[in-house]
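**Q** As a plain string of letters, each chain reads:
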Amino acid sequence: MAQSTAVRRRTRAHTTQAREAYILLAPALILVGIFAAFPLVRSVWFAFNEANPFQGIVRFVGFDNFVAIFKNLNFGRYAGNTAFWTLGAVGLQLLLGLTAALMMNQRFALRGAFRGLAMIPWATPSVLVALMWIWILDPNHGILNKILLGLGLIKEPLELLSRPESALPTLVAVDVWQGIPLFAVMILAALQGVSPEQREAAAMDGAGRWATFWAVVWPVIVPTVLITTLLRLIWTSNYVDLVLIMTTGGPGISSTTWALESYLTAYKSADFGQGAAYAVTQAAVLCIFIAIYLRLTRDDGSPR
Amino acid sequence: MRKKQTTPVQVLGRVALYVALFGWLGTILAPYLIMLLTSVTPQAELQTAGASLLPKAITLDAYRDLVTGTDFLIYLRNSLTVVAIAVPLTLTVATGAAIALSRFDFPGKKYAMTGMLLAQLFPAVLLVVSLQGQLRTFGLLDSKIGLALVHSAFATPFATWLLKGFLDSLPRELEESGRIDGASTWQVIGHLILPLLTPGLVAAGTYIFILSWNEFLYALTFTASTDSRTLPIGLHLFIGEFQIRWDLLTAGGVLSVLPVIIGFFLVQDRLVAGLAAGAVKG
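Chains as they are written, first to last, in the numbering used here: chain A, 2 to 305; chain B, 68 to 349.
This is chain B alone, in the form it adopts within the complex (with noise of 0.2 Å):
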């Protein structure tokens, strides 16, 4: 270790570092600033000229409109259930790939690793055109059940990946043994591995939770109904139903936006973690 000797040009240099990392973390965090400052203002405060970001009074009243004079309840309700399907299914799938990936050999193996990462480039622009017919062929249109089958169909791949990551870097020693000792295969993974997996469970869960919670596509172009359409397609109608309502836009987007956020910080170490060691693996 150097002894450090601080010169004024070091100084500055820090000085200069906390406000470019600063500016850059307000430009991050100042629409969030916006909408929920605008959620809380007064109607009639948003239609004067004049710059004011500082509400002069606060009010719930775009909350309690948003709650009582929309479909936005039916929509949250609609987006629960979709991740409510999507995540458990995506997570089973997933995790068995997972473990047969990490800790099986077999023919073929190579090509399904391969497989797993080009899935993660499909397009779902080029996706949609036929999958609706299909889903229409299934009677899963405009249904909560086919979207999250889709969801989770798009999810798996990097889900697998996540969790692969994740079984490499956990020791074999104790499934060796629970081999040694007799125990099946299904044993070992009921018994041994699954309960190691929960951290990477919990990550690749949220992953899932997010990519469906926020998806907006498929939900546009899969669901027509009140009752099927998720919160990103209710938000997207808000924007073209009311215009001048930006109070309750603003409300809505608030609430759609926390659980993500709240989800995203539980298990955020671990999650950015993986998503760099995807990349840089991939």
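Isolated chain A (complex conformation) (with noise of 0.2 Å):
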């Protein structure tokens, strides 16, 4: 850290310096506070309070909220469904996103476009990419339906998004479809850490590729490739919009997902209690996410 000038001053003007520091800080951390920090505390309390959209707080319930969720006949399918969003997606970016981060790490005509391109989806606002997916998949007009039937590889039109088996798996797909981009272009820019005079010092002693990539790659891109899964694991689960616009976790509920379900209870049953309920416990499951993300950092010695 280049702080060894800050720390001599410290002695000189310690409070003035802090004073000015704190001026600084302050807007964002009032920002922040006002409208993300001191929400997220009160959206915990109301999972333990009976609170609606209209009067707010009614009175504290304790753990009633939890119980009613966990008690719902739905609870194991809302569970099940948001193990297969997140896992499924999140799974699927990690090794497609990998795989193209080696391919773009490839020396390639007009690569700095190529890049820029790709990751035109992570800029696109989440109703276009439904927009998108349910004109390409619509059964009577998308254009995916018409080419498999001109090719005769289907003789009834594919209703994808409204039959209970495929819903999930086609949102896990238009959202695979999204977020490979981030994680390649991430992936691809730990990959520059890597020294080319290890790869052929391993190549020298008669690696194969597969081992070369083990050996010297795996271990340089590890950091990244961990933190950026336990983002878009925490970003994943809690993203509602393409769900929410695509099939409104339907057809019945084969595609609601917990953050879902907590914000249609929330607003469609306008119970905030078990809303919040809903969202305290998805966040609880992620802190074990962090927990191992933690931990494996930890053991490596990386990053920091």
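Hints in this document: simulated from the structure, not taken from any laboratory. You may find that some hints are simply not true.
In silico SDA-like links for lysine to any residue, alpha-carbon gap of 25 Å or less [what the hints assert, rightly or not]:
{"#": "1", "chain 1": "A", "residue 1": "Lys-147", "chain 2": "B", "residue 2": "Ile-95"}
{"#": "2", "chain 1": "A", "residue 1": "Lys-269", "chain 2": "A", "residue 2": "Arg-78"}
{"#": "3", "chain 1": "B", "residue 1": "Lys-177", "chain 2": "A", "residue 2": "Thr-298"}
{"#": "4", "chain 1": "B", "residue 1": "Lys-177", "chain 2": "A", "residue 2": "Lys-147"}
{"#": "5", "chain 1": "B", "residue 1": "Lys-177", "chain 2": "A", "residue 2": "Ile-293"}
{"#": "6", "chain 1": "B", "residue 1": "Lys-176", "chain 2": "A", "residue 2": "Leu-30"}
{"#": "7", "chain 1": "A", "residue 1": "Lys-269", "chain 2": "B", "residue 2": "Gln-199"}
{"#": "8", "chain 1": "A", "residue 1": "Lys-147", "chain 2": "B", "residue 2": "Val-321"}
{"#": "9", "chain 1": "B", "residue 1": "Lys-176", "chain 2": "A", "residue 2": "Ala-27"}
{"#": "10", "chain 1": "A", "residue 1": "Lys-147", "chain 2": "B", "residue 2": "Thr-115"}
{"#": "11", "chain 1": "B", "residue 1": "Lys-177", "chain 2": "A", "residue 2": "Arg-20"}
{"#": "12", "chain 1": "A", "residue 1": "Lys-147", "chain 2": "A", "residue 2": "Leu-159"}
{"#": "13", "chain 1": "A", "residue 1": "Lys-147", "chain 2": "B", "residue 2": "Tyr-99"}
{"#": "14", "chain 1": "B", "residue 1": "Lys-177", "chain 2": "A", "residue 2": "Leu-295"}
{"#": "15", "chain 1": "B", "residue 1": "Lys-123", "chain 2": "A", "residue 2": "Ile-135"}
{"#": "16", "chain 1": "A", "residue 1": "Lys-269", "chain 2": "B", "residue 2": "Leu-208"}
{"#": "17", "chain 1": "A", "residue 1": "Lys-156", "chain 2": "B", "residue 2": "Leu-120"}
{"#": "18", "chain 1": "A", "residue 1": "Lys-147", "chain 2": "B", "residue 2": "Gly-93"}
{"#": "19", "chain 1": "B", "residue 1": "Lys-176", "chain 2": "A", "residue 2": "Ile-135"}
{"#": "20", "chain 1": "A", "residue 1": "Lys-147", "chain 2": "B", "residue 2": "Val-107"}
{"#": "21", "chain 1": "B", "residue 1": "Lys-177", "chain 2": "A", "residue 2": "Leu-287"}
{"#": "22", "chain 1": "A", "residue 1": "Lys-147", "chain 2": "B", "residue 2": "Ile-212"}
{"#": "23", "chain 1": "B", "residue 1": "Lys-176", "chain 2": "A", "residue 2": "Leu-232"}
{"#": "24", "chain 1": "B", "residue 1": "Lys-177", "chain 2": "B", "residue 2": "Leu-234"}
{"#": "25", "chain 1": "A", "residue 1": "Lys-269", "chain 2": "B", "residue 2": "Leu-284"}
To give a feel for the contact side, a few chain A residues facing chain B, derived at Cβ under 8 Å [as the list claims (entries may be wrong)]:
{"#": "26", "residue": "Val-33"}
{"#": "27", "residue": "Phe-47"}
{"#": "28", "residue": "Asn-50"}
{"#": "29", "residue": "Gly-77"}
{"#": "30", "residue": "Gly-81"}
{"#": "31", "residue": "Gly-117"}
{"#": "32", "residue": "Met-120"}
{"#": "33", "residue": "Gly-276"}
Owing to the predicted nature of the structure, the values given are computational and were not obtained by experimental measurement. Don't be surprised by glycine CBs; every beta carbon is placed ideally from N, CA and C.
Fit the two chains together into the complex; they arrive one by one in their own frames, and the hints show the way.
**A** Here it is as structure tokens:
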């Protein structure tokens, strides 16, 4: 860290420095505090109360909201859907993103432009991603069904989003489409830290491509892979836009995830308490992943 | 450097690489192309059966209908208003925080850093429930300012992180000499740090712009009238309203994605580098 100057200065003008730093920091802390940190704490408090959109908190109920959602007959289905959605999407994004990053790390013409184009889905509004795919998958006029019918691969149009068995896998596929580029670009950046000399040395020792990858490349990119996977797990499990717009959790509850049920309970059923309880339960489960991450990185001695 | 001799296997490898790369790129870009083509296809032609991606005739009718027959322009104006508030506000507070975290040493610094990192993990679904009542109390529900403030709070942690990373990479000699010459902290920031920070500000600004322009869940929950709804919400309403007018829907899609794609391309190098650095350090 390049803070030796700061440390030296501390003895001289410690209090002035600290005061100026707090003045600089204050606006950000106030903004984030009022519109993010405080509501977060209050939402957690909601989970232990009976609360609705109209009256706010009605009364304290302890763990009743949690008991209610655990006793809900659909609880297992929501949990299964959430696991399928989150692990399926992030797992595929990791696998395909890693493959894409290794490909992009090769020298080829127009690499810079390619990387830019590949990142477009990341900058695309979720509503638009949903809109494009609803149109492509449309049973009557969508291009996918037109092509498949034209090729004679199917006899009837596929109604991917309105069948219980295919709705969630289709949503996962769309999320994977949108999420691969971020993974790929993150890992590509990490790949720049692999020294060509080490690669050469491994090749000289007669290591094959596969062995070289595990011995030389993987150790360098593993911190990035871990943190990106953790962040994506958190974001994907909380990401309701696609599901909300494309299926609203249906047909039935076949594509309802925990996060979506939290939102629907809070707004459609006007039950803020139970809605918050779903979200808090999910946050607790995510803490397990954060703990695993911290454990893995500590044993590794990476990152930081 | 080792002389490379091209063997048939390597040639095959190159070919496979190009096929895979451009197959992937095709999968990424195809939906955008389909959307663009659909938006210029005459409405009647879309209704007919048969696989025809390329329209027989090109028309801009859908764009005309979109502008004259729907509230699209109002949504567009609302989105522009929200980002016009959110971007400068976030940049201001994030720059202050980034300078404090990069250039100062103070008690609690470690906690501020950890807090900024943890804040990136806020689940929107959890916040949305209590934010609604809070915004109502402030009289900011169903208001562009309220939405902009929420977007701003949501974007601040990462923007700070991005700017701090940029500041850390800038040399400090100039500031040191400025201080020795007797300049105050505020003079050093205004005359020496901010000018050098401009590229970082452009990247962070674009990130905030993309986040605010695309944001869906808060906008859906906190806006109720045409006067405050942003483009994503407008498009969402269109999906329900104009289900058979795919030319209209895709025209709306093309117009709403253009600004973000243009913005992204202007700064993609720096933005991607910042994202990657943020992840690696985090």
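**Q** Now tell me, hint by hint, if it's right for this structure.
**A** Hint check results:
The straight-line distance between the Cα atoms of Lys-147/A and Ile-95/B is roughly 20 Å, inside the 25 Å bound, and the hint therefore holds. Restraint check for Lys-269/A and Arg-78/A: the C-alpha separation of about 19 Å stays at or below 25 Å, so the hint holds. This hinted pair checks out: Lys-177/B and Thr-298/A have alpha carbons roughly 19 Å apart, not beyond 25 Å. For the proposed pair Lys-177/B and Lys-147/A, the alpha carbon gap of about 57 Å is over 25 Å, so the pair is violated.
At most 25 Å may separate the alpha-carbon atoms for a hinted pair to count; Lys-177/B and Ile-293/A meet this at roughly 22 Å. Under the criterion of a C-alpha separation no larger than 25 Å, the hint pairing Lys-176/B with Leu-30/A is consistent with the structure, at around 12 Å. Restraint check for Lys-269/A and Gln-199/B: the C-alpha separation of about 15 Å stays at or below 25 Å, so the hint holds. Our distance criterion of 25 Å between C-alpha atoms is met by Lys-147/A and Val-321/B, whose separation comes to about 22 Å.
With a C-alpha separation of about 12 Å, the suggested pairing of Lys-176/B with Ala-27/A holds against the 25 Å cut-off. Note on Lys-147/A and Thr-115/B: the hinted pairing holds, with a Cα-Cα distance of about 11 Å set against a maximum of 25 Å. For the proposed pair Lys-177/B and Arg-20/A, the alpha carbon gap of about 16 Å is at most 25 Å, so the pair holds. Distance restraint check for Lys-147/A and Leu-159/A: the Cα-Cα separation of roughly 10 Å lies within the 25 Å cut-off, and the hinted pair is therefore satisfied.
Under the criterion of a C-alpha separation no larger than 25 Å, the hint pairing Lys-147/A with Tyr-99/B is consistent with the structure, at around 18 Å. Taken as a hint, the Lys-177/B and Leu-295/A pair is honoured in the structure, with Cα atoms around 17 Å apart against an allowance of 25 Å. Only pairs whose Cα atoms come within 25 Å are accepted, and Lys-123/B paired with Ile-135/A is accepted, the gap being roughly 23 Å. In summary, the hint linking Lys-269/A to Leu-208/B is supported, as the alpha carbons are separated by about 18 Å, within the 25 Å threshold.
Between Lys-156/A and Leu-120/B, the direct Cα distance comes to roughly 20 Å. Compliance with the 25 Å bound is thereby established for this hinted pair. Our distance criterion of 25 Å between C-alpha atoms is met by Lys-147/A and Gly-93/B, whose separation comes to about 18 Å. Taking the CA atoms of Lys-176/B and Ile-135/A, the gap is about 47 Å. The hint is violated against a cut of 25 Å. For the given pair, Lys-147/A sits about 19 Å from Val-107/B by alpha-carbon distance, which is consistent with the 25 Å threshold.
Our distance criterion of 25 Å between C-alpha atoms is met by Lys-177/B and Leu-287/A, whose separation comes to about 23 Å. Under the criterion of a C-alpha separation no larger than 25 Å, the hint pairing Lys-147/A with Ile-212/B is inconsistent with the structure, at around 45 Å. With a CA separation close to 23 Å, the supplied pair Lys-176/B and Leu-232/A stays within the 25 Å bound. For the given pair, Lys-177/B sits about 17 Å from Leu-234/B by alpha-carbon distance, which is consistent with the 25 Å threshold.
About 14 Å separates the Cα atoms of Lys-269/A and Leu-284/B, which keeps this hinted pair within 25 Å; it holds. The interface hint given for Val-33/A is met, as the beta carbon of that residue sits about 5 Å from the closest beta carbon of chain B, less than 8 Å. Taking 8 Å as the C-beta contact cut-off toward chain B, the hint placing Phe-47/A at the interface holds, the least distance being around 6 Å. At about 11 Å, the closest approach between the beta carbon of Asn-50/A and any beta carbon in chain B exceeds 8 Å, and the interface hint on this residue is violated.
A hinted interface residue such as Gly-77/A counts as satisfied when its beta carbon comes closer than 8 Å to some beta carbon of chain B; here the least separation is about 20 Å, so the hint is violated. Taking 8 Å as the C-beta cut-off, the interface hint given for Gly-81/A is violated, the closest approach to chain B being about 19 Å. With a cut of 8 Å, the hint placing Gly-117/A at the interface with chain B holds, because the nearest CB-to-CB distance is about 5 Å. For Met-120/A, the suggested interface contact is upheld, since its CB lies about 6 Å from the closest CB of chain B, less than 8 Å.
Nearest Cβ of chain B to the Cβ of Gly-276/A: about 6 Å, under the 8 Å cut. The hint holds.
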